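Asks: Same order as they appear, the protein sequences are chains Y and C. Count the first sequence with the numbering used here and you get residues 1 to 106, in order. Count the second sequence with the numbering used here and you get residues 1 to 145, in order.
Since the hints were made in silico from the structure, they are not lab data. Values in this document were obtained by computation on a predicted structure and should not be read as measured data. Be careful, since some hints might not be right.
Quick list of simulated restraints, FRET-style, between CB atoms [unchecked claim]:
#: 1; chain 1: Y; residue 1: E18; chain 2: C; residue 2: K76; range: 18 to 24 Å
#: 2; chain 1: Y; residue 1: R13; chain 2: C; residue 2: A72; range: 17 to 23 Å
#: 3; chain 1: C; residue 1: S113; chain 2: Y; residue 2: I16; range: 33 to 39 Å
#: 4; chain 1: Y; residue 1: G54; chain 2: C; residue 2: R62; range: 38 to 44 Å
#: 5; chain 1: C; residue 1: T46; chain 2: Y; residue 2: L22; range: 20 to 26 Å
One side only, chain Y facing chain C, incomplete, derived with CB under 7 Å [said to hold, decoys possible]:
#: 6; residue: I40
#: 7; residue: R42
#: 8; residue: L62
#: 9; residue: Y71
#: 10; residue: V72
#: 11; residue: Q73
#: 12; residue: F74
#: 13; residue: Y75
#: 14; residue: A80
In silico EDC-like pairs for lysine to aspartate or glutamate, Cα to Cα no more than 20 Å straight-line [said to hold, decoys possible]:
#: 15; chain 1: C; residue 1: K101; chain 2: Y; residue 2: E18
#: 16; chain 1: C; residue 1: K101; chain 2: Y; residue 2: E98
#: 17; chain 1: Y; residue 1: K4; chain 2: Y; residue 2: E98
All C-beta atoms, glycine included, are put in the ideal place defined by N, C-alpha and C.
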Amino acid sequence: MAAKIQVPREAKRGEIIEIRILIQHPMETGYRHDDVGHLIKRNVINVLSCRYNGVEVFRADLSSGISANPYVQFYTVAEASGDFEFTWIDDEGLQGSERQSIVVKG
Amino acid sequence: MKRRDFLAGLAGSLALPGTALAQVDPLDPLVGGVTNGAPVKKGKVTLVLPQLADNGNSVPIRITVDSPMTEADHVKSIHLYSERNPVRNMANFYLGPRAGKAEINSRVRLAGSQRVTAVAKLSDGSFWYDTASVVVTLSACLDES
Numbered sequence: 001m002a003a004k005i006q007v008p009r010e011a012k013r014g015e016i017i018e019i020r021i022l023i024q025h026p027m028e029t030g031y032r033h034d035d036v037g038h039l040i041k042r043n044v045i046n047v048l049s050c051r052y053n054g055v056e057v058f059r060a061d062l063s064s065g066i067s068a069n070p071y072v073q074f075y076t077v078a079e080a081s082g083d084f085e086f087t088w089i090d091d092e093g094l095q096g097s098e099r100q101s102i103v104v105k106g
Numbered sequence: 001m002k003r004r005d006f007l008a009g010l011a012g013s014l015a016l017p018g019t020a021l022a023q024v025d026p027l028d029p030l031v032g033g034v035t036n037g038a039p040v041k042k043g044k045v046t047l048v049l050p051q052l053a054d055n056g057n058s059v060p061i062r063i064t065v066d067s068p069m070t071e072a073d074h075v076k077s078i079h080l081y082s083e084r085n086p087v088r089n090m091a092n093f094y095l096g097p098r099a100g101k102a103e104i105n106s107r108v109r110l111a112g113s114q115r116v117t118a119v120a121k122l123s124d125g126s127f128w129y130d131t132a133s134v135v136v137t138l139s140a141c142l143d144e145s
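Taking the hints into account, I'd like the entire structure generated from these sequences.
Replies: What follows is the structure, encoded as structure tokens:
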């Protein structure tokens, strides 16, 4: 699962930073049919979480009510230099993860 | 009946439905699972949806909660409910004091024109909500493409 995640490369300590996540995923609702009339099984990303230096700062439970290629934007306070770790998992158990680092000054 | 009484009565009957609507949470049974029966008040939460969405498959949504986001007073979670989607609880977002700002942007699927509700749970245990109505021209979930 390809993902595009935007985290500022550097920030001042205490600054509120914006994080944008865009994951390539069909978010199959389970209500659509394929060409021969079979129901396509539901397959959505159900959990998405963001850890900042090992501490969870954001988590989302998603459902079929979220668009295909889910986009989530949220905020966090830049506290220390380190890593953001993003993980998500879909109904088929397929897990995705991405790591981004930030340099915090001041 | 005097003209004055009649007018007063008319004004009262017109005002009543409005106040009743403002007090009752339209999605109470569903929200009850989150609130455990606690009252959900209108306010603090701002839900922004376009008034008209051409395509229900991807509708931008913004939820902001008026909160200082400190250790003592912050938003714990935000729950999104749809009136007409087959899965009515669209998403739950869990935040904390480290968020700095209680704002979430995303994109949702909407099966038809409806009212969307966002419920926020604060660290003091109170619940707040806001609703937004959206007209969807092309509904999600129905097209087979």
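Asks: Look at each hint and say if it fits the structure.
Replies: Results of checking the hints against the structure:
no.: 1; hint: Y/E18 - C/K76: 18 to 24 Å; result: holds (21 Å)
no.: 2; hint: Y/R13 - C/A72: 17 to 23 Å; result: holds (21 Å)
no.: 3; hint: C/S113 - Y/I16: 33 to 39 Å; result: holds (35 Å)
no.: 4; hint: Y/G54 - C/R62: 38 to 44 Å; result: violated (29 Å)
no.: 5; hint: C/T46 - Y/L22: 20 to 26 Å; result: holds (24 Å)
no.: 6; hint: I40; result: violated (10 Å)
no.: 7; hint: R42; result: violated (9 Å)
no.: 8; hint: L62; result: holds (5 Å)
no.: 9; hint: Y71; result: holds (5 Å)
no.: 10; hint: V72; result: holds (5 Å)
no.: 11; hint: Q73; result: holds (4 Å)
no.: 12; hint: F74; result: holds (5 Å)
no.: 13; hint: Y75; result: holds (4 Å)
no.: 14; hint: A80; result: violated (11 Å)
no.: 15; hint: C/K101 - Y/E18; result: holds (10 Å)
no.: 16; hint: C/K101 - Y/E98; result: violated (23 Å)
no.: 17; hint: Y/K4 - Y/E98; result: holds (9 Å)
When the structure is compared with the earlier hints, violations turn up for hints 4, 6, 7, 14 and 16 and for no others.
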